[in-house]
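These protein sequences, in sequence, are chains A and B.
Residues in the first sequence are numbered consecutively from 1, following the working numbering.
Residues in the second sequence are numbered consecutively from 329, following the working numbering.
Treat the hints as calculated values from the structure; they're not laboratory data.
No false leads were slipped in.
Calculated cross-link-like contacts (lysine-lysine; reagent style DSS-like; alpha-carbon spacing at most 30 Å):
{"#": "1", "chain 1": "A", "residue 1": "K91", "chain 2": "B", "residue 2": "K491"}
{"#": "2", "chain 1": "B", "residue 1": "K419", "chain 2": "A", "residue 2": "K91"}
{"#": "3", "chain 1": "A", "residue 1": "K15", "chain 2": "A", "residue 2": "K91"}
{"#": "4", "chain 1": "B", "residue 1": "K419", "chain 2": "A", "residue 2": "K163"}
{"#": "5", "chain 1": "B", "residue 1": "K343", "chain 2": "B", "residue 2": "K419"}
Cβ-to-Cβ under 8 Å is the rule here; a few derived chain B residues that face chain A:
{"#": "6", "residue": "T417"}
{"#": "7", "residue": "Y421"}
{"#": "8", "residue": "V429"}
{"#": "9", "residue": "E433"}
{"#": "10", "residue": "A436"}
{"#": "11", "residue": "P467"}
{"#": "12", "residue": "P470"}
{"#": "13", "residue": "L471"}
{"#": "14", "residue": "S473"}
{"#": "15", "residue": "T476"}
{"#": "16", "residue": "M480"}
{"#": "17", "residue": "L483"}
{"#": "18", "residue": "K491"}
{"#": "19", "residue": "A493"}
What follows is a list of derived Cβ distance ranges for each label pair:
{"#": "20", "chain 1": "B", "residue 1": "A382", "chain 2": "A", "residue 2": "K163", "range": "29 to 39 Å"}
{"#": "21", "chain 1": "A", "residue 1": "A236", "chain 2": "B", "residue 2": "D460", "range": "23 to 33 Å"}
{"#": "22", "chain 1": "B", "residue 1": "R624", "chain 2": "A", "residue 2": "R27", "range": "51 to 61 Å"}
{"#": "23", "chain 1": "B", "residue 1": "V349", "chain 2": "A", "residue 2": "P60", "range": "35 to 45 Å"}
{"#": "24", "chain 1": "A", "residue 1": "R27", "chain 2": "B", "residue 2": "P459", "range": "32 to 42 Å"}
{"#": "25", "chain 1": "B", "residue 1": "G509", "chain 2": "A", "residue 2": "G164", "range": "26 to 36 Å"}
{"#": "26", "chain 1": "A", "residue 1": "A277", "chain 2": "B", "residue 2": "E559", "range": "32 to 42 Å"}
{"#": "27", "chain 1": "B", "residue 1": "D357", "chain 2": "A", "residue 2": "A51", "range": "52 to 62 Å"}
{"#": "28", "chain 1": "B", "residue 1": "V371", "chain 2": "A", "residue 2": "A41", "range": "49 to 59 Å"}
{"#": "29", "chain 1": "B", "residue 1": "I376", "chain 2": "A", "residue 2": "A41", "range": "54 to 64 Å"}
{"#": "30", "chain 1": "A", "residue 1": "G238", "chain 2": "B", "residue 2": "R398", "range": "39 to 49 Å"}
{"#": "31", "chain 1": "B", "residue 1": "P511", "chain 2": "A", "residue 2": "G299", "range": "43 to 53 Å"}
Beta carbons: idealized from backbone N, C-alpha and C, even for Gly.
Listed below, chain by chain, are the residues.
Number of protein chains: 2
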Amino acid sequence: MQILITGAAGMIGRKLVAALVARGELRGDPITGLTLVDRDAPVLPDGIPGAALAADLSDPAAAPALAEARPDVIFHLAAVVSGEAEADTAKGYAVNLHGTVALCEAIAAQPDYCPRLVFTSSIAVFGAPLPDVIPDDQPPRPLTSYGTQKRMGELMIDDLSRKGALDGVSLRLPTICIRPGAPNAAASGFYSSILREPLIGQPAVLPVPDTVRHWFASPRAAVGFLLRAAEMETGALGQDRSLNLPGVGASVAEEIAALERVAGAKAAGLIRREPDAAVQAIIDTWPRGFDPARARALGFEAEPDMDTIIRAHVEDELGGRIPVAEQG
Amino acid sequence: MQILITGAAGMIGRKLVAALVARGELRGDPITGLTLVDRDAPVLPDGIPGAALAADLSDPAAAPALAEARPDVIFHLAAVVSGEAEADTAKGYAVNLHGTVALCEAIAAQPDYCPRLVFTSSIAVFGAPLPDVIPDDQPPRPLTSYGTQKRMGELMIDDLSRKGALDGVSLRLPTICIRPGAPNAAASGFYSSILREPLIGQPAVLPVPDTVRHWFASPRAAVGFLLRAAEMETGALGQDRSLNLPGVGASVAEEIAALERVAGAKAAGLIRREPDAAVQAIIDTWPRGFDPARARALGFEAEPDMDTIIRAHVEDELGGRIPVAEQG
Chain A
1 MQILITGAAG MIGRKLVAAL VARGELRGDP ITGLTLVDRD APVLPDGIPG AALAADLSDP
61 AAAPALAEAR PDVIFHLAAV VSGEAEADTA KGYAVNLHGT VALCEAIAAQ PDYCPRLVFT
121 SSIAVFGAPL PDVIPDDQPP RPLTSYGTQK RMGELMIDDL SRKGALDGVS LRLPTICIRP
181 GAPNAAASGF YSSILREPLI GQPAVLPVPD TVRHWFASPR AAVGFLLRAA EMETGALGQD
241 RSLNLPGVGA SVAEEIAALE RVAGAKAAGL IRREPDAAVQ AIIDTWPRGF DPARARALGF
301 EAEPDMDTII RAHVEDELGG RIPVAEQG
Chain B
329 MQILITGAAG MIGRKLVAAL VARGELRGDP ITGLTLVDRD APVLPDGIPG AALAADLSDP
389 AAAPALAEAR PDVIFHLAAV VSGEAEADTA KGYAVNLHGT VALCEAIAAQ PDYCPRLVFT
449 SSIAVFGAPL PDVIPDDQPP RPLTSYGTQK RMGELMIDDL SRKGALDGVS LRLPTICIRP
509 GAPNAAASGF YSSILREPLI GQPAVLPVPD TVRHWFASPR AAVGFLLRAA EMETGALGQD
569 RSLNLPGVGA SVAEEIAALE RVAGAKAAGL IRREPDAAVQ AIIDTWPRGF DPARARALGF
629 EAEPDMDTII RAHVEDELGG RIPVAEQG
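With the rest of the complex left out, here is chain A:
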């Protein structure tokens, strides 16, 4: 089992690599090689033979070199996030569209080769007006450059899967929460920071009203989705290889209530309300919740509630400790 991961140095990429190394197998086959790719060469873990490469997928020479090695499973995570794709149109299309198209074309150009391609799409393929609970047959209608680029990738993966050139699964990931580490350029960043910073006793800014609802999954659940997509039977997907995924639907108020249950009132008190019309305008176009019946039937599972999402962060990122609760 040879595996290729693009965007392997990103937050999800690093957790996926760790999970694969811990398992040692995929689809019942021992992992014999792991090729990790990112703009800057990722760190190759001990114990599994492989390569860590620095490559820019928007460079036309990059994808063919990767596809020629004919990995059995490809996790295509490399992307520019939503805020950056909106602000820098050319860069967003270069990475999110051309990178995906080049990878698909390089795979299709290899004769007698049909790898599993797991593509991280996004719930940003949906734009307003949207029902409170989005059904599986909701037509995608992106209203951001990021959502547009992800939807274009989904369409190409559907077409090339239909033609047998690859065996694709596009995962419309919920907003990842709690996203560890430093904030990135995603407009959704505050959904994580209003939990992440208070847990360690730091203040956080909330730019939207408490009533705003959204759809979340933990980094741990995201890795589980990627592994499930690599191992599932794709015959059940038919012509539509894109899946809306399970998650936790919660309002900002419900996020804060869960924070208070897990970490106490002091944590919740560290959130400062500073309404931001620009963030609000973006958030207004986003999904509020899903009924992902198709993915659930196919074995995709997320956390049951926001409390569990917060506890997963405490376990995975804070060594089981809650610093704010330990403060005087």
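Once you have looked at the hints, place chain B on chain A.
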């Protein structure tokens, strides 16, 4: 008024050029320059200053050179047809996806420049299952490479129009009928040939049952759509720049009945039924009819019936004569 036309040597391209030359103006402004582009340099008509260029839009250098001249209106017609895009996956993506993406990116890269971009999309963005009459809010779900590539172009044009980088209109052209000249690689070719060949006394092959329904517009109507798209106010389109267009919904039996009314029983007798399962399988996924209320309200008009479509062909291509009716 500077105009750029890609695919200018194609059937619709040549008729569009002739119509622009005959009008001499667009949007009330005199046409001062016409740049015609195709794989092989098109013929530049007399009387209007301009250039005829041979260029391959899938070559990354081609589009920037065209956009630097900053034409006011761009008609982007260049495409590989449906049958060829299905058979030659790499070529279809090279021309239909990369050509369109490169043109959009080249426009977006020009500062303070927002031309009207008229893009010939297709009803092939819709795939089965479909209602008999497709409403304007039917979600696109392509089931061919051609339809996939056209839908990807529509999405990018929606996004860049939203951002003010261009001012796009995507026209989901009905199947053009009667398509003059030699058959091309489009799977829809028989819809034209069962009328075109009998009109001149030649036999034609019908590969599907008489009951099959489809959606048609004449080349004359197609040119009218392109001119209307160049001249309309786009504010009314909102975020969705793609238009389902008026046409004539007809079954093969209704096509043949119209042929008999216009050209006599002898013409209809020249159609030979040779069922072809491969053509049937493609046709089964295609739209049968539309209710294009949005485009009608915006001033897009097609023929009232199939008889008028056939008479338009007799006038435009046969000099008003019907050879089969003149034969003994």
